[in-house]
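One letter stands for each residue in the lines below.
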Amino acid sequence: MTDPASVQASLELTLKDEIVRMYQEVANNPTGEFHFFHGRDAAQLFDYAPEWLDRAPASAVASFAGVGNPHERSNLQPGETVLDLGSGAGLDAMIASWRVGRTGRVVGIDLNPAMCLKAQAHAAASGAKMECQEGRMEDIPLPVASVDVVISNGVINLSFRKRRVVEEMFRVLRPGGRISITDIVSAKQLSQSIVNDPKLWAS
Amino acid sequence: MFRLLEETGFSRVRSAVVPRFRFRKESTQNSAEAYGVKAVMMTALKPDPD
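The listed protein sequences correspond, in order, to chains A and B. Note that the first sequence covers residues 283 to 485 in my numbering. Note that the second sequence covers residues 24 to 73 in my numbering.
Calculated from the structure, these hints are not laboratory results. Treat the numbers as computed from the prediction; the structure is a model and nothing was measured. Careful, some of the hints might be misleading.
[To be verified] Stretches of chain A that chain B covers, calculated by requiring three or more beta carbons in the stretch to come under 8 Å of a beta carbon on chain B: (1) 319-330; (2) 436-448; (3) 454-463.
Built from N, CA and C at the ideal position, the CB exists for glycine as well.
Model the full structure from these sequences, guided by the hints.
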C-alpha cells in the first residue's frame, strides 16, 4: 500500500515543476494565450497606477500574472522591509521598492531561480532595490520577525500546505507587522480529479 | 484562508472580493463559478504584545 505522505510529496514535486513551467512560459512568451489575463491589460484591470506600469521595464509588465492589486491596501511606508511571496518577474516587488525607498528593503521569494534573476534584472533596470531568493513559501528562507509587510499576488492558492504558508508568514513578520495579499479562494472543496491534476491545480 | 489567518493568530483579518477578476477562457470561468472560485484581497495584522 502506498504511504499517503509519499503520495503527497510526489504530487507536490510534480506541482512544483508545473508551476515553474507555467509561469516561466508567461515570462518567456508574454504574447501567448493563457487561461488567465496577464500583462499590462490585467494590471490595468486591477488599477495598477499607469505611472508604475510606465516606469517598470516592459517585459516585467508583460509577465505580470497577478489576480488583484496587493498595493491597494498595503500602506507601505519609507524604510519598511517587505517580503513578496512568489515574486515572479518582479513587478510587485519593484513597486514595493519604489514605495519603501532607499532606506527600505524588498525581498522576493520564488520557486524558480531563473525568475529570481529576471526579477532582479528588472528591478536594477528600473532603479529599484530588490533581492530575490530561491525558496518555497512553506519554508521561507528568512529569520523570525524580520519583515514589516508581506505582499503576495495569486500564489498561496498554489500550495497544498496553505496552513504552513500562513504560519510561515506569521513567523517572519515582526509584531505589529501586516500582510496585504490577493489570491484565489474556493467556496467549495475541489474535486479529487482537480487536486490530483498538477496542470489544473497550477491553474 | 480567512479562517487559517485567524487560527494562526493574525488579528484584524479583512477580506474583499477583487471585483474585476475573471478567467480569460469562458469555460474556465464557468467552472470557477460552479466551485465558488473568486479572487480576494486580504489584509491582517500580527498582534504586537506591547
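Quick rundown of the hints versus the structure:
Three residues within the 8 Å Cβ limit are the bar, and the segment 319-330 of chain A against chain B gives 3, so the coverage statement holds. Only residues whose beta carbon comes within less than 8 Å of a beta carbon in chain B count, and the segment 436-448 of chain A has 5; three or more means the coverage holds. For the segment 454-463 of chain A, the stated coverage by chain B holds: 9 residues have a C-beta nearer than 8 Å to a C-beta of that chain, and at least 3 were required.
The earlier numbered hints are all upheld by this structure, with none contradicted.
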